[in-house]
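Asks: Sequence:
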Amino acid sequence: MQHISQTPFGRSLNKGDLRAAEMLDAPLPQLARDKWAVMRDLTVARAAFGVSDRDLAVLNALLSFHPHPTLAEGDGTIVFPSNASLSERAHGMPESTLRRHLAALVKSGLVIRHDSPNGKRYARRAGEQLQVAFGFDLRPLLLREAEIGQAAQATRDAQARYKALREAVVLILRDVAQLIEYGREAVSANWNALSDMLALMNREMRRKLGLEEMTDMHLRANDLREKAKTFIPKEKTKDMSGKGINNERHIQDSNINLYESESSKEMEEVAAGSPLPSSLDDLNPSGPEKEIEAPKLPLWLVLQACPDARDYSPEPIRSWDDLIARAEFVHPMMGISPSAWVEATRHMGATNAAITVLAMLQRSEEIHNPGGYLRALSGKAADGGFSPGPMVMALMQTRNAQAV
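Using the working numbering, read the sequence shown as starting at 300 and increasing by one per residue.
Derived from the structure by calculation, the hints contain no laboratory data. Among the hints, erroneous ones may be present.
Only pairs whose alpha carbons sit at most 27 angstroms apart, straight line, appear in this in silico DSS-like list of lysine-lysine [to be verified]:
{"hint": "1", "residue 1": "Lys462", "residue 2": "Lys406"}
{"hint": "2", "residue 1": "Lys419", "residue 2": "Lys528"}
{"hint": "3", "residue 1": "Lys507", "residue 2": "Lys462"}
{"hint": "4", "residue 1": "Lys419", "residue 2": "Lys406"}
{"hint": "5", "residue 1": "Lys462", "residue 2": "Lys419"}
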């Protein structure tokens, strides 16, 4: 059935009318399409076409006036219900509201108006055959069926991705909650900060997040879980002998005389004029170590070399756990990402990573890219080629030189 007129009744021509005229000239697909299958796909992909559920309720009512279960070229695609009949099929929708939703369907290019000379909707028959009909043409649904199907599949894929991400985030945050609960009893660390971050993320999850926001939430939840894991010490199962055993005994011994003896030797090296490291290669220890070792430096020496660490909290640093908590608090302010911090703790150990970060804080004016610098040191530590001892001793040398 051909359109006699391509211009609207009672209003000016616009770009939408010209676009509709182009659709009238486009050839229809040869195969018939199930009109209700197209409607279901359009319901899924409605956001892509800029229509609401109420607009689709009116379109559903229009489709119900089409006498065939499929849309095809030879069956005619124009329906011509009166406003009263259409309102009844749309569950009693007021005519003023009906007109607004019909206009939205026309604007979105899902239906085309075929206005009569007086603007009314009717059909003229010759026997049993329709000669001409004036009303709403459903032709765009047939022309755009492939586009609608692709948009619906893309929407379903995005919904499945969103659902999987949300499930993963919920499970990861549950892991974090249990790690915090276990960690509070197992080791002293800055669990309150982790607990606050967990509460904030749980609060965000109560909002309706978009796919991009949920993807970002998934990354943040993973970082939070990795951060919680770094606070919990791992038991070493590998036997150590020779020098390794002596090192472990020396580290774990809490006798102050041992620390004094060790620090005296280090201070003698400073007095002998150990050079300030000028590159990453200068920060290497004497040889690669296959095990992540606890720091050989006494805590008091680290604090003396890195006094700026005290400026970030009124609470004193009395233990290695306090030092780790301070580095945990400071590293985001330095521009070090959670993933860079997690990588450092994995390759250096939490304590050595904390010493390194606080030493970098002390040299913040010299280090322009703290995150990249820490990752470089982590890479060296992974190969057994870095420990923070030379950094601390270089800082002590600088302080002694300034004191003189």
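Asks: Hint by hint, note whether the structure agrees.
Replies: Status of each hint after checking the structure:
For the proposed pair Lys462 and Lys406, the alpha carbon gap of about 32 angstroms is over 27 angstroms, so the pair is violated. For the proposed pair Lys419 and Lys528, the alpha carbon gap of about 72 angstroms is over 27 angstroms, so the pair is violated. In summary, the hint linking Lys507 to Lys462 is supported, as the alpha carbons are separated by about 12 angstroms, within the 27 angstroms threshold. A threshold of 27 angstroms between alpha carbons decides the hint, and for Lys419 with Lys406 the separation of about 20 angstroms falls inside it, so the pair holds.
Restraint check for Lys462 and Lys419: not satisfied, since their Cα atoms lie roughly 47 angstroms apart, outside the 27 angstroms limit.
Taken one by one, the earlier hints fail for this structure at numbers 1, 2 and 5, listed in ascending order.
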